[in-house]
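Trainee: Spelled out from the first residue to the last, the chains are:
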Amino acid sequence: MKLQSKLLMPVLIGVAILTVIVHFYWGPSLLKDKRQLLLDQHSEVLDILAQGLVPSLLSGDLATLHATLDQQMVTHKKNWLSLHVHNSEQQRLYPLFPSETPEGKYLLSIKQQIIWNGDSLGELSLIVDSRSEIEKELDRIQQLEWVSMLIFFLISIISLLWQKLFILRPIQQLQQAAEHLGKGNYGHPLTVRGNDEVANLTRVFETMRNHLLKTNQELQEAAFQARESEYRQRTVLENIADGILTTDQSGTIISANPAATEIFSLPHQQLIGMELLSLLNSKKDISTSLTDGDSISDVGSRIEVESEKPDGSALILEMAYNSLELDGLQLFTVIVRDITESKRIERMKSEFVSTVSHELRTPLTSIRGSLGLVVAGVAGEIPDKAMNLLQLASNNVERLGVLINDLLDMQKIESGELEFNLSRQSLAQLLGKAINDNEGFAQQHQVALKLQLLVEDSTVMMDETRFAQVMSNLLSNAIKFSDNGSTVKVVLESQKEQLVVSVIDQGVGIPAEFHQKLFDKFTQHDASDTRSVGGTGLGLSISKSLVERLNGELDFVSREGKGTTFTIRFPRG
Amino acid sequence: MARVTLFLLMLLALSTVDAKQHTFTVGVVPQYDTRELHEIWQPILHYLNEKSGHHFVLKGAPNIPAFEEALLAGEFDFAYTNPYLMLLANQKQGYQPLLRDVGRTLYGILVVTKDSLIKSPAELNGKRVAFPAPNALGASLLMQADLLDRFNSRVTPRFVKTHDSVYLNVLLQQTPAGGGVQKTFKHQPQKITDELRILYKTREVAPHPIAAHPRVDVQLQQQVVRWLLAWGETKEGSEAFNKIPINRLGKATMHDYQPLLDMGLERFYQGVEQP
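Sequence lines, in order, name chains A and B. When the letters of the first sequence are read in order and numbered with my numbering, they come out as residues 807 to 1379. When the letters of the second sequence are read in order and numbered with my numbering, they come out as residues -14 to 260.
Keep in mind that the hints are not guaranteed to be accurate.
[Stated by the list, open to error] Residues on chain A that point at chain B, a partial pick, calculated with CB under 7 angstroms:
hint	residue
1	Ser865
2	Gly866
3	Asp867
4	Leu868
5	Ala869
[Stated by the list, open to error] Ranges of calculated distance between the beta carbons of each label pair, as one might list FRET restraints:
hint	chain 1	residue 1	chain 2	residue 2	range
6	A	Ser926	B	Lys112	45 to 53 angstroms
7	B	Gly235	A	Lys917	51 to 59 angstroms
8	B	Thr8	A	Lys917	36 to 44 angstroms
Derived from the structure by calculation, the hints contain no laboratory data. Just so we're clear, the structure is a prediction, and the values are computed from it rather than from any experiment. Heads up, the beta-carbon is just placed ideally off N, CA and C, and yes, glycines get one too.
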């Protein structure tokens, strides 16, 4: 039902109710009252008439009685149909001859006793045709009904027009605006009049619409950005060399990018729905992470796992996984990288390095020994020029030996073959020993070494040999890059639960462009053949690896021309 | 001198006028209402005025008893009254009848319903009978006298004021019979007369006279008789008298009313005075 009809309904119902009330209650009530009024009026006339008839009845003067009643009948001829007088013995005294009692819907019958001194002399009976009066009353009632209906009709029309103007039209306007809004049109005109509830609703709607427009625009922008981002991500996912899988909490693969299908050599449809663990050989490392929601200790870290392609070829994967919650579900994102080739290459390289190092070391030892003996004069006196050459050769042999050792160390560290002998050590004592071991080198460069101990208890779990190797590297670097006469300080202090060793020099400092790659292999400030200081370029890389293997951190701060401070942190042991 | 003569002549003329014109009251028994009585009697009185040079004035009475009282008190110079009152007036005041209707007689009638089982007035013994007024001559006095004297019927009179009421009482069976007169009976609507029948007629008597009080000059009385008799012979006069009603005007004497004395009507008369 339309709103207009709904608004009109109460008025129509009111009209109907009023009509019913007028027709079935008020009208009949008025009619009843009219009848009663007529009865009362005629009763009053009869009463007076009855009193007037007393003398005639007493005296038997029926002529006067008849004359009187005839006159009354003439007077009331319009509506008096029948008038009878009976005496106390029920004998008819008037009219002269008996007549039929009229019958009809609108006839009123009135009787009046004729009393004289408490005795009944007779009875007056009157039948009145109240048709005209009743019909007049009915006409009046009908007029009332019509007038009421007309008034209500007018009220309805006015109400309808008013509602149309002030309620319906604004609501229709709102409806149209809402429909347009549903189709995406935010500009449908809205006219606001007044300050009533509908006007306020229109204002609120307009505000809402503007807000929706703004939100829609933002959403569109966000959607565009999301699409762009999704496109970029998809492009990245589809083109990234790493495989990206998503699994549910049970480890079932629910998505895989093209790189993942390529890595596992399985079609996408086959990959989806498989258990990730079924693709891997080493399950124990990640099974607890992927299947037990309470043990996700490996989440976020990279691990190496082995797998096997469908053709049986081996597959070594570097895998990192993270958990995420999406729509209340816990999922895992797994990034896999095929490091089979790089592993092979690394293994080959490592083997090569090891083989070459070992193969080089052996003759090198021999060469060093022989050169030492010759320089020592075991082979006789050596001319000065030859001695210089021999010294140069001896220095280079030493240098080769250090390089080979460094290479071997690096290979062991990278292959995980390097073993540490950990025991509780006093870091202060280890530092003192490091100072002593490098004192000679420092004196050669006219650099003073100074140890500053700012903590009493410096017990740590430490491999003495490897710590000495690290300190030797750091001190040698500090000495090499310090000016003559400067001091290299070594400070031991405590910071919270860590012991901090700082190697501080006021040397040339490290240029900013080398900061990022300082700990990379073979990185030196001056890689040319004519560089001023020696070194293989592996020292800091090895030192950082060793410190990290010893559960510590190695970092530095440096400013060119101002010096460098290397800082080693170890947890208290 | 001439002035004195003229003055004396004027006085004489005035005294002659005063001495000539009199006012005479004429009382009429109120058989009809006052307006009707005036309509009937005014032409007659007017004629008398012209003829006599006197002033004849109609004097009414509200009802018959009042008329009787006034008549017997001698208030009227001339009177038109019923025969029994004539007797009483003659005895009381000396009224003398001058003129009457010589073309008819006066009697009473006894009416019953047309299908009444009463066949004789004798059957009314002990019953109620309606009469107009107690002293209505024909309807009441003559009738009661005859019922008793001729039929030995002792009836209980019910005086219902008018002749019309008598007929209605009979028709509506309030009384088995009622006394009236032919004139009033004929005057009833046909629907009434069709339902009634006359059971009995009384003895007849001379009808109402026009009488004069003895104080009225006899010469004038005679003049009045002559004038009215003469006028009664004219069309105009005859029509006027018919309305009274007097069919044929003739002279009247006390002798005409003597039989009434023998009827013993005083037994039934309920008047102011008794003879």
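Trainee: Would you mind marking each hint as holding or not holding in the structure?
Mentor: We went through each hint and held it up to the structure:
Interface restraint check for serine 865/A: the shortest CB-CB distance to chain B comes to about 6 angstroms, inside 7 angstroms, so the restraint holds. For glycine 866/A, the interface hint holds, the least distance from its beta-carbon to any beta-carbon of chain B being 4 angstroms, beneath 7 angstroms. A distance limit of 7 angstroms between C-beta atoms decides the matter here; for aspartate 867/A the minimum to chain B is near 4 angstroms, and the interface restraint holds. Nearest Cβ of chain B to the Cβ of leucine 868/A: about 4 angstroms, under the 7 angstroms cut. The hint holds.
Given hint, alanine 869/A at the interface with chain B, holds; its Cβ is 3 angstroms from that chain's nearest Cβ, closer than 7 angstroms. One distance hint, 45 to 53 angstroms for the beta-carbon pair serine 926/A and lysine 112/B, is violated here, with the actual separation near 25 angstroms. Between glycine 235/B and lysine 917/A the beta carbon distance is about 57 angstroms. The supplied range of 51 to 59 angstroms therefore holds. Hint check: threonine 8/B to lysine 917/A, Cβ distance near 56 angstroms, so the stated range 36 to 44 angstroms is violated.
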